[in-house]
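Those protein sequence lines, which keep their order, are chains A and B. Residue numbering for the first sequence follows my numbering, starting at 33 and increasing by one per position. Residue numbering for the second sequence follows my numbering, starting at 33 and increasing by one per position.
These are calculated hints, taken from the structure and not from any lab test. Hints may be right or wrong, so weigh each one.
Since the list can't tell identical chains apart, any single copy or any two copies may satisfy a pair.
[Stated by the list, open to error] No farther apart than 25 Å at their CA atoms in a straight line, the calculated lysine to any residue pairs in the SDA-like style are these: (1) 300 / 207; (2) 72 / 218; (3) 72 / 204; (4) 83 / 314; (5) 285 / 65; (6) 176 / 42; (7) 171 / 210; (8) 171 / 237; (9) 49 / 75; (10) 171 / 214; (11) 50 / 285; (12) 141 / 119; (13) 299 / 100; (14) 176 / 186; (15) 333 / 64; (16) 285 / 237; (17) 313 / 135; (18) 313 / 241; (19) 141 / 206.
Number of protein chains: 2
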Amino acid sequence: MSPNLNVPLGTYLDTRKKIIDEALERYIPGEDNYPPVIFKALRYSLFAGGKRIRPILCLASAEAVGGNIESILPVACALELIHTYSLIHDDLPAMDDDDYRRGRLTSHKVFGENMAILAGDALLTKAFHLMSDRGLTEKIAPEKLISVIHDIAAAAGYFGMVGGQVVDVQSEGEAVDTEVLNFIHTRKTGAMITAAVKAGAVLANAGEVELNALTSYGRHVGLAFQIADDILNVEGDQKLMGKGTGSDTKRGKVTYPALVGMDASRKKAGDLVEGALSAIKNFDHRAEPLRMIAAYIIERKA
Amino acid sequence: MSPNLNVPLGTYLDTRKKIIDEALERYIPGEDNYPPVIFKALRYSLFAGGKRIRPILCLASAEAVGGNIESILPVACALELIHTYSLIHDDLPAMDDDDYRRGRLTSHKVFGENMAILAGDALLTKAFHLMSDRGLTEKIAPEKLISVIHDIAAAAGYFGMVGGQVVDVQSEGEAVDTEVLNFIHTRKTGAMITAAVKAGAVLANAGEVELNALTSYGRHVGLAFQIADDILNVEGDQKLMGKGTGSDTKRGKVTYPALVGMDASRKKAGDLVEGALSAIKNFDHRAEPLRMIAAYIIERKA
Numbered sequence: 033m034s035p036n037l038n039v040p041l042g043t044y045l046d047t048r049k050k051i052i053d054e055a056l057e058r059y060i061p062g063e064d065n066y067p068p069v070i071f072k073a074l075r076y077s078l079f080a081g082g083k084r085i086r087p088i089l090c091l092a093s094a095e096a097v098g099g100n101i102e103s104i105l106p107v108a109c110a111l112e113l114i115h116t117y118s119l120i121h122d123d124l125p126a127m128d129d130d131d132y133r134r135g136r137l138t139s140h141k142v143f144g145e146n147m148a149i150l151a152g153d154a155l156l157t158k159a160f161h162l163m164s165d166r167g168l169t170e171k172i173a174p175e176k177l178i179s180v181i182h183d184i185a186a187a188a189g190y191f192g193m194v195g196g197q198v199v200d201v202q203s204e205g206e207a208v209d210t211e212v213l214n215f216i217h218t219r220k221t222g223a224m225i226t227a228a229v230k231a232g233a234v235l236a237n238a239g240e241v242e243l244n245a246l247t248s249y250g251r252h253v254g255l256a257f258q259i260a261d262d263i264l265n266v267e268g269d270q271k272l273m274g275k276g277t278g279s280d281t282k283r284g285k286v287t288y289p290a291l292v293g294m295d296a297s298r299k300k301a302g303d304l305v306e307g308a309l310s311a312i313k314n315f316d317h318r319a320e321p322l323r324m325i326a327a328y329i330i331e332r333k334a
Numbered sequence: 033m034s035p036n037l038n039v040p041l042g043t044y045l046d047t048r049k050k051i052i053d054e055a056l057e058r059y060i061p062g063e064d065n066y067p068p069v070i071f072k073a074l075r076y077s078l079f080a081g082g083k084r085i086r087p088i089l090c091l092a093s094a095e096a097v098g099g100n101i102e103s104i105l106p107v108a109c110a111l112e113l114i115h116t117y118s119l120i121h122d123d124l125p126a127m128d129d130d131d132y133r134r135g136r137l138t139s140h141k142v143f144g145e146n147m148a149i150l151a152g153d154a155l156l157t158k159a160f161h162l163m164s165d166r167g168l169t170e171k172i173a174p175e176k177l178i179s180v181i182h183d184i185a186a187a188a189g190y191f192g193m194v195g196g197q198v199v200d201v202q203s204e205g206e207a208v209d210t211e212v213l214n215f216i217h218t219r220k221t222g223a224m225i226t227a228a229v230k231a232g233a234v235l236a237n238a239g240e241v242e243l244n245a246l247t248s249y250g251r252h253v254g255l256a257f258q259i260a261d262d263i264l265n266v267e268g269d270q271k272l273m274g275k276g277t278g279s280d281t282k283r284g285k286v287t288y289p290a291l292v293g294m295d296a297s298r299k300k301a302g303d304l305v306e307g308a309l310s311a312i313k314n315f316d317h318r319a320e321p322l323r324m325i326a327a328y329i330i331e332r333k334a
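Could you put together the complete structure from these sequences and hints?
Here's what the structure looks like:
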């Protein structure tokens, strides 16, 4: 399962996505379980064509320090479960009130608000159930596993993703400066992306210097990813993004382009990618996927 | 911190509740953290006068097999965080739509639906962050800790509490038989209570026979607790219960008394408590708190 570095980025990402999709398929019970609606609901959102960026980053980070990805798959997939739960809850009428996500109706539009809330709760809970499954993670040293669970919970919680969403919700329609926008972006998106990169490194037994370098890579890439998302929201192809472009502006959400302009946003994203690449400049060819992903983040069209 | 078994039950429970409240106070950041609203919201629900039955059961189970409760406190408190999150989400307009809980306005009535959803998400996430905090759980063997995290996640997830809530929500206003009601009760309340008792036993290094006995105790007590709740909902003191009595009937929720009558419900609860006591009949005086709690569960007035 070691990456073929002579393939184009698209093929690399597709291959990785397939590995993750197949693992998720194994880990998540089918719709023949009782009560079926909850498995239908969480599978509807989980298998909705997500890019699997967080698990892919986790695996690529492990590979960059010579780790084997097989034993890390449960943790990588848990990151996607947490990401998916956050999208379902963010889309709820009481939050962003979005009808569409990735070109499909949002969970609450299909299954009702109550089931969407519960599907999110179930996915978040399953993430920790999956990471603590020793039948799947037996090759990981127990203390390392606990430390990764702890880091991921921190990144997902009130000082991470939830905290970012709280400030995001509170800031709607308010005048927001770059400090607040940076807070939202680093917490809401950045924290989990950094945790993904860090988890892969820790589980692959990275040394302290490597771990710090990869954590720095994760921080840069995480913020770049969110700024690129802001840019895509303004000018992206509606069909590719799956929801109305300009939807952030309509909703009174502040974005990087709105605050500093499109040119400065593009420059900022580019600088962050440069920073990410610089952080891992001493890594050998095994870090090539991480380098490709960093470039992809600001070049993607959806 | 070993229990004084010559004190009355009320004093025992008060002393234990105080230990748990103080630990939760240490573990959960204050309202001076940013963004304040999320810490206000989760503290509002967490310190609302809950009985702390799940953590108390966890500690009592550990004591029954000679365990020290100090190192188990983070796991015991995590059970209360998960319980509190489930109450906040259950009360939401899209779910049970309750305005009051324990005599106070529910979270979404005070902080809005969006913050109530996020406060629940934050509490659930914090539960796993707390259990995986090796600064607090250093005396627990790592494999035991992982196994307990796994069990608790299972009890909270789609085959446990979330699954029970899904069927509960789906069954509102429907004709429900005892099989379905048993499913709801064992999943929605029973699973986490059983997990609490089991966690205490595992963390206190219970042997296989003891563990099976305590798990059986937990199953019996868990179902008895929910039937007693149903009975209290029909005839309890509104002031003590903190929400309208008869509220389940008004909402079209099926309860034990509605299905089999009040006398048969009381008998069922009594039989379950007998079963719980029988499961731990070979335990010595250190299981006295567990025996007292089993009796308390059907005698309580709120």
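Right, here's what the structure says about each hint:
{"no.": "1", "hint": "300 / 207", "verdict": "within (21 Å within a copy, 60 Å between copies)"}
{"no.": "2", "hint": "72 / 218", "verdict": "between (32 Å within a copy, 22 Å between copies)"}
{"no.": "3", "hint": "72 / 204", "verdict": "between (32 Å within a copy, 20 Å between copies)"}
{"no.": "4", "hint": "83 / 314", "verdict": "neither (28 Å within a copy, 56 Å between copies)"}
{"no.": "5", "hint": "285 / 65", "verdict": "between (40 Å within a copy, 24 Å between copies)"}
{"no.": "6", "hint": "176 / 42", "verdict": "neither (32 Å within a copy, 42 Å between copies)"}
{"no.": "7", "hint": "171 / 210", "verdict": "neither (44 Å within a copy, 44 Å between copies)"}
{"no.": "8", "hint": "171 / 237", "verdict": "both (12 Å within a copy, 24 Å between copies)"}
{"no.": "9", "hint": "49 / 75", "verdict": "within (16 Å within a copy, 40 Å between copies)"}
{"no.": "10", "hint": "171 / 214", "verdict": "neither (38 Å within a copy, 39 Å between copies)"}
{"no.": "11", "hint": "50 / 285", "verdict": "neither (34 Å within a copy, 44 Å between copies)"}
{"no.": "12", "hint": "141 / 119", "verdict": "both (13 Å within a copy, 24 Å between copies)"}
{"no.": "13", "hint": "299 / 100", "verdict": "neither (35 Å within a copy, 57 Å between copies)"}
{"no.": "14", "hint": "176 / 186", "verdict": "both (15 Å within a copy, 21 Å between copies)"}
{"no.": "15", "hint": "333 / 64", "verdict": "neither (37 Å within a copy, 41 Å between copies)"}
{"no.": "16", "hint": "285 / 237", "verdict": "neither (40 Å within a copy, 52 Å between copies)"}
{"no.": "17", "hint": "313 / 135", "verdict": "neither (38 Å within a copy, 60 Å between copies)"}
{"no.": "18", "hint": "313 / 241", "verdict": "within (12 Å within a copy, 56 Å between copies)"}
{"no.": "19", "hint": "141 / 206", "verdict": "between (28 Å within a copy, 23 Å between copies)"}
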